[in-house]
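Participant: In order, the protein sequences belong to chains W and A. Position 208 of the first sequence, counting from 1, maps to 202 under our numbering, and the rest follow consecutively. Position 400 of the second sequence, counting from 1, maps to 394 under our numbering, and the rest follow consecutively.
Bear in mind the hints are in silico, worked out from the structure with no lab data behind them. Treat the hints loosely; a few may be bogus.
Copies of the same chain look alike in the list, so a pair counts if it works inside one copy or between any two.
Unchecked claim - List time: in silico DSS-like cross-link candidates among lysine-lysine, alpha-carbon distance up to 27 Å:
(1) Lys393 to Lys564
(2) Lys123 to Lys49
(3) Lys367 to Lys404
(4) Lys123 to Lys52
(5) Lys81 to Lys52
(6) Lys367 to Lys583
(7) Lys149 to Lys387
(8) Lys79 to Lys52
(9) Lys583 to Lys552
(10) Lys556 to Lys423
(11) Lys135 to Lys387
(12) Lys387 to Lys101
(13) Lys430 to Lys450
2 protein chains.
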Amino acid sequence: IPENWDGKITIRSGLDGDIRNQGVERYKDLNSDHLDILETGNINVNTIFLISRTKQSKIEMVQACLTRIFDDKFEIQSSRSTTIKEKSVWQDIQADCVKLRPMKVKKLVSIYTSRDLAISDPFDEASNKINYLANFDEILKGHRSAWEQIWSHSKIEIKTRNNELLILRLHIFHLHQTVSRNSIGYDIGVPARGWHGEAYRGHIFWDELFIFPYINLHMPKLARSLLMYRYRRLPQARMAARENGFRGAMFPWQSGSNGREETQIIHLNPDSGRWIPDNSRIQRHINAAIPFNVWQYFQATKDMEFLANYGAEIILNTALFWSGIATYNHIRDRYEINGVMGPDEYHTRYPGSDLPGLNNNAYTNFMAAWVVKCALDLIRLFDRRLLNELSEKVGFSEKDIELWEKLHTKMYIPFLDNDIILQFEGFEKLKDLDWKKYRKEHGNTMRLDRILEKEKDSANNYRVCKQADVLMLFYLFSSETLVKVFNRMGYDFRDVQGGTTPEGIHLGAMAGTIDLIERCYTGLEIRDDVLWLSPGLPAEIKEINLNITFRSHWISFKINHKKLLVDFIKGWSEPVEINVQGQRKLFDKNDRAEFDLA
Amino acid sequence: IPENWDGKITIRSGLDGDIRNQGVERYKDLNSDHLDILETGNINVNTIFLISRTKQSKIEMVQACLTRIFDDKFEIQSSRSTTIKEKSVWQDIQADCVKLRPMKVKKLVSIYTSRDLAISDPFDEASNKINYLANFDEILKGHRSAWEQIWSHSKIEIKTRNNELLILRLHIFHLHQTVSRNSIGYDIGVPARGWHGEAYRGHIFWDELFIFPYINLHMPKLARSLLMYRYRRLPQARMAARENGFRGAMFPWQSGSNGREETQIIHLNPDSGRWIPDNSRIQRHINAAIPFNVWQYFQATKDMEFLANYGAEIILNTALFWSGIATYNHIRDRYEINGVMGPDEYHTRYPGSDLPGLNNNAYTNFMAAWVVKCALDLIRLFDRRLLNELSEKVGFSEKDIELWEKLHTKMYIPFLDNDIILQFEGFEKLKDLDWKKYRKEHGNTMRLDRILEKEKDSANNYRVCKQADVLMLFYLFSSETLVKVFNRMGYDFRDVQGGTTPEGIHLGAMAGTIDLIERCYTGLEIRDDVLWLSPGLPAEIKEINLNITFRSHWISFKINHKKLLVDFIKGWSEPVEINVQGQRKLFDKNDRAEFDLA
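With the hints as constraints, model all of the structure from the sequences given.
Facilitator: Pasting the structure below:
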């Protein structure tokens, strides 16, 4: 609204292809120029376009942009001139404005890429689409309705004193910005840092392990699509295993579009200016995260078609990898996995050692045993015909099955005094760090590894952790499952939590704040075809409301410190059992139920 | 093996990008040049490459070619020269050969396109892959094993006197050449003429209607993938409906990559040299074929996840289209569909009329009623939450449901003497053709429309048919279903076949020879969750053996004139009922059963 002006106004509206990745200060010396601009110009008097192509992957992107000027109701007469530059194009639109009379600028942009489906050529599609686009208000309405559906699927409400809910919703929003129902059917993975910035260069790590619990409960179709991203890279992972002397599949720690290992071999310590060897690719535990996600998706959906045709191959191939990398220790009569890194990246090798890797990382060994047992459970689900096809495709035999039977009950897990799980064998012999001194000298000790390296010392020498490692087990599994698996291995693991509400431990291991609310405070777990709940709300939270999808059924929970209310809308799958702190109920039709909490 | 030569031999091995579409004589004046060759060259001394790109859709294709020469065991010393031309590249490989000593030329080619998934850049992938390819014998072994699995899934054996089995297998082979498990997950439809030649320019028509019965029983995953091809083009079909004044979706009669209508507006009669208006786009019945395929896939698999997330939208959108194009005739108290063409392309308009289209094509009207009823059945499968989302997305309301309820019971079907279904209203008033005269004069009367047009007459004036039209109903439905649907409409349709073995009628309507064996001679139909069989082998066929997949179960049939043998391997889905001529049996575990045939 022009407040103090009558007369000509010029609006500039354009498309700028001269974009560089310069969001991160310390990356500014790196190559930040990733686009070739192929063409810019006019489609017609109102519409301009810009065609760009990514330099390496050669993905073409076409944008068509239509700008129109309106008063309250009608389009305003305007004159325009278009400026066509090599890397950008814009229009200067001149119109008359009247003091205090509103003027609306509506800019619509259509964008197509050469990777889009159901298109002929991205230029044709973008330039046609812009003509068929509804007006801005119609588009906004559609946009709102789409987000309303997303929020309904993602509904989460907590009653607290502060604005925790707002933060949670920000996190949910960012999740949907990175992977959403618009990703379904496209060959898209979950990059550790989303698509927003340059950090980690868009690489895919194991982070979907923290995202799947949420996606499985809200958008199982998306979970399936993300698992297909891994499945399509199984041939590359099989090749990597073969090149490293293993059978099965070895997924890379960091990967890009074609699924090969992209982990850097050296990295810079900006504190010392030194280039340090980077062995993080030996974080082989990603080969547990991926089959774990397959199995969790299957638990949440019972999607046998996916499991039979795709998921099974991932589980069986990684089981083969684990039974290959594990070695039998005759003295211990146990299987060991040596020369790997756990999730904690402060520990890459033993003090003074030249060899990268550590022996018997507890998390890795536990997960390897879990994968192998999962393969055995899987085999029992299938008929002989399918099993024959799988064994031919994956290349496993009766002998492997025999080995897996032994392996998962005889995996070595390092303990201190038969009681406390050690992060890896020998962790107890490392030095204690003088925390007081380092905190005083450096304040922020988040990158303690860099601080120590600068001093020509190493985090490898100390009992310090960057990432949850042993604690990951408590994040992924309930106490019940942990006790069961440890017992199967012959370890007398006591449930130190003494209950089914492991919020304390989980809290420390959490990566996802949403997951904290959804799974930890509710004690939600899916196993043995049952949806288990054992809520334990902290005093600060009065109530949690939650919508989830479970095997096609739509379930709303209202949980406070005394009661848990279930509102069940039956989907198409068979009835499901919900078990709240030992109180079982079968839901076979639309129903409401209230459970008293202990 | 050189039989009479010792000494130098030169082998030329290359990649030729100078390929034109010239398989069809009468297309030779059309544009036959569809590739730009971007680059040719050497990757290393043994490997050459060629990069091409399709002119319109700009899909890049990279081939890398490695040629090596062996004696019985080892690679032979050779010298090579590479010739690099603008559109081709080849190597002349010179080696010494010894009389009667075998020499093997092994040529391996890797090929990647810019549309492939899980790749970085097609050139990188093709040039890396060629280095990692196993030797020829290994590749051949993998190839053989893949085909063995295909043949096991596609097993069909008939005992006849002649080589009908060989012909059937040729047809199965061609089907797998066009759409196969390698198509799954890619945005690929079923072109009417396969990918082999230029005819119909690769366009997609309704032909999957004839292919789905086979695919549903052997590769349901592929069926799903092909239906997704249609689903992705639903927005385009919705736009087409809107432009033609309808709600819902109107799929095009012919389409290409972006799903818009590609049917020609005029076509050439090569006999007369005249360009004739082509109205075949008003074959709106394709909007019945697509939802019919969705429903048949669902019947075969019970894949609720697909139906809920994708298939339902196709069915509901096409139902909206049909209830929009249908008009209510107050005098008849029935709904009519006017101005369309049925499958029979000899009939495009009434004699002497300027307006394209015919009224109340029996097949179209029947199918429209079927789609609308299907939408109603579908709605009953879903919970209120999903229905709300669907109604918002598709844009239908209670009012539409009310209309559908009326429409499917009050659709008008033209009959002659209340007894014989007329192809369309007024078909009975057309002239009879003097067949004797035309057969004598022209011999082959396959393109009678062209012959008549040359004489300035028209096939529209005669009771002649090019394609099965009314008969399509007997191809798609069993007598039981037909009687049921007609009765629902208030038509006293008598089962003129007088039994459940409709081989005669089906035979005339058949498009797929495989389907003839699999569904018609066996009387196989899936409805109401039951697999129905009612075999009626012609005298010439002593026995049929058949493997199919039904809802994850693996079923082998052995059928002769007296008995039907079922070998059932249980998959993961719930037990299924097989009904053989009224004899019911529930299969809930691996089992064999024998049924006596009437």
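Participant: At most 27 Å between C-alpha atoms: does Lys556 with Lys423 qualify within a copy, between copies, both, or neither?
Facilitator: For Lys556 and Lys423, the Cα distance exceeds 27 Å both inside one copy (46 Å) and across copies (80 Å).
Participant: Given identical chains, is Lys149 near Lys387, meaning Cα to Cα at most 27 Å, within a copy, between copies, both, or neither?
Facilitator: between (42 Å within a copy, 20 Å between copies)
Participant: Taking 27 Å as the upper bound on the Cα-Cα distance, should Lys135 and Lys387 be classified as within, between, both, or neither?
Facilitator: This pair counts as between: shortest inter-copy Cα distance 12 Å, intra-copy 49 Å.
Participant: If the cutoff is 27 Å on CA atoms, where do Lys393 and Lys564 land: within, between, both or neither? Let me know, please.
Facilitator: between (44 Å within a copy, 25 Å between copies)
Participant: Measure nothing new, just compare the shortest in-copy and cross-copy C-alpha distances for Lys81 and Lys52 to 27 Å and report within, between, both or neither.
Facilitator: For Lys81 and Lys52, both the intra-copy (17 Å) and inter-copy (22 Å) Cα distances are at most 27 Å.
Participant: My question is about Lys123 and Lys52: at a cut-off of 27 Å on alpha-carbon distance, are they close within one copy, between copies, both, or neither?
Facilitator: Answer is both; intra-copy 23 Å and inter-copy 19 Å each pass.
Participant: At most 27 Å between alpha carbons: which applies to Lys430 and Lys450, within, between, both or neither?
Facilitator: Within one copy only: 19 Å inside a chain, 102 Å across chains, cut-off 27 Å.
Participant: Should Lys367 paired with Lys404 be assigned to within, between, both, or neither, using CA atoms and 27 Å as the limit?
Facilitator: within (12 Å within a copy, 59 Å between copies)
Participant: If the cutoff is 27 Å on CA atoms, where do Lys367 and Lys583 land: within, between, both or neither? Let me know, please.
Facilitator: between (34 Å within a copy, 25 Å between copies)
Participant: With identical chains, the pair Lys123 and Lys49 could be close in the same copy or across copies; at 27 Å between alpha carbons, which is it: within, between, both, or neither?
Facilitator: both (26 Å within a copy, 22 Å between copies)
Participant: First find the shortest C-alpha distance between Lys79 and Lys52 inside one copy, then the shortest across copies, and answer within, between, both or neither for a cut-off of 27 Å.
Facilitator: both (22 Å within a copy, 24 Å between copies)
Participant: Please work out whether the CA atoms of Lys387 and Lys101 approach to 27 Å or closer within one copy, between two copies, in both situations, or in neither?
Facilitator: Classified as between: cross-chain Cα gap 25 Å, same-chain 53 Å, threshold 27 Å.
In this structure, the one hint that does not hold is number 10.
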